[in-house]
Amino acid sequence: MGQFDGKVAFITGAGRGQGRSHAVRLAAEGADLALLDLGNAGTVTNPPYRCATSDDLKETVRLCEAQGARVKAYEVDVRDYAGMAEAADDAATGLGGIDFVVANAGITDGFYPTWEIPLENWQTMIDINLTGVFHTVKATVPHVRKRGRGGSLVLVSSNVATHKACGYLSHYVAAKIGVRSLAMALAKELGPDGIRCNSLHPAAIKTEMTQHMVDFSDKTMEELLQQFRDSQLLAVDLEPRDSTAAVVWLLSEEARYVTGLEFNVDAGDSRK
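Read in the UniProt record's numbering, the sequence shown has 103 at position 103, and its numbers run on one by one without any break.
The reader is advised that the hints may include incorrect statements.
[To be verified] List of simulated lysine-lysine pairs, BS3-like, C-alpha gap at most 25 Å:
(1) 188 / 58
(2) 146 / 72
(3) 138 / 72
(4) 188 / 146
(5) 138 / 206
(6) 206 / 188
(7) 138 / 219
These aren't lab readings, by the way, just hints derived from the structure by calculation.
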């Protein structure tokens with residue numbers, strides 16, 4: 001018996017990293033899963049970003065099925081609303097509905113003064129990290145509402161969207177602050193339905209995204225991780241399981257009256 005027996009979770013960016021961690025843990029807790037990542041559905045060229053592959057997504061499916069979950073997988077670009085809506089409709093039909101949504105898909109980029117950000121990079125960042133979350137919500141919330149009270153959404157933002165200035169990534173910051181505000185608006189709109197929405201704000205976690213930050217900069221991995229540690233009250237390297245623990249709690253009955261919250265998992269970065 002798991003705390004999410006009979007529940008269905010829809011997770012974007014599930015092919016690797018934090019998304020995979022969330023999916024496997026929710027499967028272990030009894031949830032059935034709709035897992036979505038880019039795979040062969042497109043490319044990200046501005047910046048040149050290596051997204052999760054079909055094989056990555058298949059591995060996440062395998063890990064979740066090993067926990068006993070029913071799983072449906074979709075290769076869709078979150079910038080493609082029609083594809084997102086088709087995936088959500090198919091998941092709701094095939095799995096019996098959607099109770100939980102974890103809007104996790106996102107990218108990062110190199111470090112630029114704001115006035116030097118290439119226009120194409122700005123647009124790609126907003127399209128994936130903010131509009132992609134909106135597409136996820138628009139496609140899934142009608143199904144969550146059909147399930148009635150008890151639904152929950154977690155929109156993954158970032159610690160850069162809390163209370164600390166972050167320069168040279170302003171397109172990323174702008175998108176993530178937009179996600180934070182979107183979650184607050186949804187909490188207000190969905191409250192009468194008994195559905196909760198919170199935003200999650202992790203600090204940097206060592207995943208493929210961190211490797212991209214190395215690739216886009218002149219730092220080594222260790223130099224970048226040391227920079228992160230130096231900015232935190234707790235000088236530690238955060239792991240995917242740390243953000244996953246927050247996702248599980250925010251979706252759970254133990255957080256039944258928690259909505260509109262900005263939940264930091266940042267080792268104190270936003271307070272230093």
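- [ ] Could you check the structure against the hints above and give me the numbers of any it violates, in ascending order?
- [x] 1, 5, 6, 7
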